[in-house]
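Please model the complete structure; the sequences and the hints are all you need to start from.
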Amino acid sequence: MYRPSAPDDLRSPDRRRWLKQAGQLAIAGGLLAGGGWAVLKRKQNLWQVRRERTLMQTSVAVTCLADDVQAAGVAIEAAFARMTATAAQLTRFDAASPLARLNRDGQLAQVPAQLDAVLRQALSLSRLTDGAFDPTVLPVLRYFETLRGTATTDAHEQRVAESRDALVGYRDLALDARGARLLRPGMAVTLDGIAKGHVVDQGIAALRGAGIEYALIDAGGDIHAISGNDPARHWNVGIVDPRDVGRVAAVLQLRNAALSTSGNYRVFFSADRRLFHIVNPRTGWSPQSYSSVTVMAPRSVLADGMSTAAFSLELPRLSALMDAQDQQWLAFSRTGEQRWRSRELPLIAGTAERV
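All you need for my numbering is the position in the sequence shown, starting with 1, plus 53.
It is worth saying that the hints were derived from the structure and are not from the lab.
The reader is advised that the hints may include incorrect statements.
Derived DEER-like restraints, expressed as beta-carbon distance ranges [as the list claims (entries may be wrong)]: (1) Val-92 - Arg-335: 12 to 22 Å; (2) Thr-137 - Val-298: 20 to 30 Å; (3) Ala-134 - Asp-207: 29 to 39 Å; (4) Glu-397 - Val-213: 39 to 49 Å; (5) Gln-123 - Ala-285: 22 to 32 Å; (6) Ala-285 - Gln-211: 31 to 41 Å; (7) Ala-230 - Val-92: 20 to 30 Å.
Nothing here was measured: the structure is a model prediction, and the numbers come from that model.
Using N, Cα and C, we set each Cβ at its ideal position, and we do this for glycine too.
See the structure below:
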């Protein structure tokens with residue numbers, strides 16, 4: 054919804070008062086507390102209806118603003134049903150899922166529609182980013198997962214990771230009339246860096262199909278808002294400070310668009326955070342340039358995939374690629390002390406250098 058301008062210093066009393074007046078703030082890169090149904094009267098004949106559940110190993114909240122509470126509730130249930138069915142095709146953690154079967158057998162003759170769509174989108178992003186995004190990094194990621202809790206990493210871990218990286222290569226994931234095939238033994242696919250975005254897009258499609266004009270889906274670091282046709286209506290989205298996840302570092306306006314934040318501060322495997330859930334396909338190691346990257350795009354699947362890819366791009370290449378795609382972005386340096394952003398990013402609180 055429309056919010057007035059606010060103080061830039063997020064730590065100031067005026068800023069905290071403004072955020073409180075602005076109502077609930079969606080958090081990109083964090084989790085929203087609560088559960089079950091929540092219904093709140095926002096203004097005359099307008100209700101906020103919200104439901105939160107665990108899906109894709111994260112908390113997913115669907116919020117609608119509507120004049121009919123019952124209709125909004127039905128729409129939210131339809132969105133969750135569609136997201137749940139989609140996620141079941143894309144998970145690597147269920148041994149019976151089609152993606153798990155592809156990884157186990159090296160081929161899948163019949164590729165379900167949702168899985169086919171995401172695999173094709175993943176390969177498209179791989180080509181667009183010159184391999185900075187690569188869905189075949191799972192052999193390396195699996196090795197990272199065995200190091201969970203490691204205090205520090207040294208040359209030995211890097212050598213092992215590099216050996217696993219020899220199995221990475223999106224060009225050896227074939228999608229054709231014969232289905233999906235991994236062309237080299239030992240290859241495996243993860244859609245962790247893009248699947249959640251596609252699932253959120255399916256939820257948004259269900260809400261639109263039910264006639265909902267104002268809604269927001271918040272799936273951890275993936276947020277998608279629909280705001281009707283009134284340009285004065287938008288949602289405020291807070292970006293977590295990677296140095297202090299209990300603090301909001303920036304606030305963006307989001308309307309009829311998607312936003313995704315990737316970071317090294319939620320899922321990491323070594324105490325020094327040098328190993329986390331993103332793999333640079335070129336090095337077989339987690340990229341070290343950033344602590345957080347946020348991307349705004351028309352669809353969540355694009356925002357999700359591009360925020361993952363951006364971690365493995367140097368700043369000039371990141372900026373040029375985002376400009377070419379007309380996507381907005383915000384990046385924090387590895388230490389979190391520097392911030393950079395696109396020129397058209399709708400930043401309403403916080404600061405970042407324009408690139």
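Whether the CB-CB distance between Val-92 and Arg-335 falls inside 12 to 22 Å: 49 Å, violated
Cβ distance range 39 to 49 Å for Glu-397 and Val-213, holds or violated: 42 Å, holds
Range hint 29 to 39 Å (beta carbons of Ala-134 and Asp-207) holds or violated: 47 Å, violated
Ala-285 and Gln-123 - C-beta distance against the hinted 22 to 32 Å: Check passed, 27 Å falls within 22 to 32 Å.
Ala-285 paired with Gln-211, Cβ distance criterion 31 to 41 Å: Hint violated: Cβ distance 52 Å, outside 31 to 41 Å.
C-beta pair Ala-230, Val-92: status relative to the range 20 to 30 Å that was hinted: Given a distance of about 50 Å, which is not inside 20 to 30 Å, the answer is violated.
Assessment of proposed distance window 20 to 30 Å (beta carbons of Thr-137, Val-298): At roughly 27 Å between Cβ atoms, Val-298 and Thr-137 fall inside 20 to 30 Å, so the hint holds.
The earlier numbered hints that this structure contradicts are 1, 3, 6 and 7.
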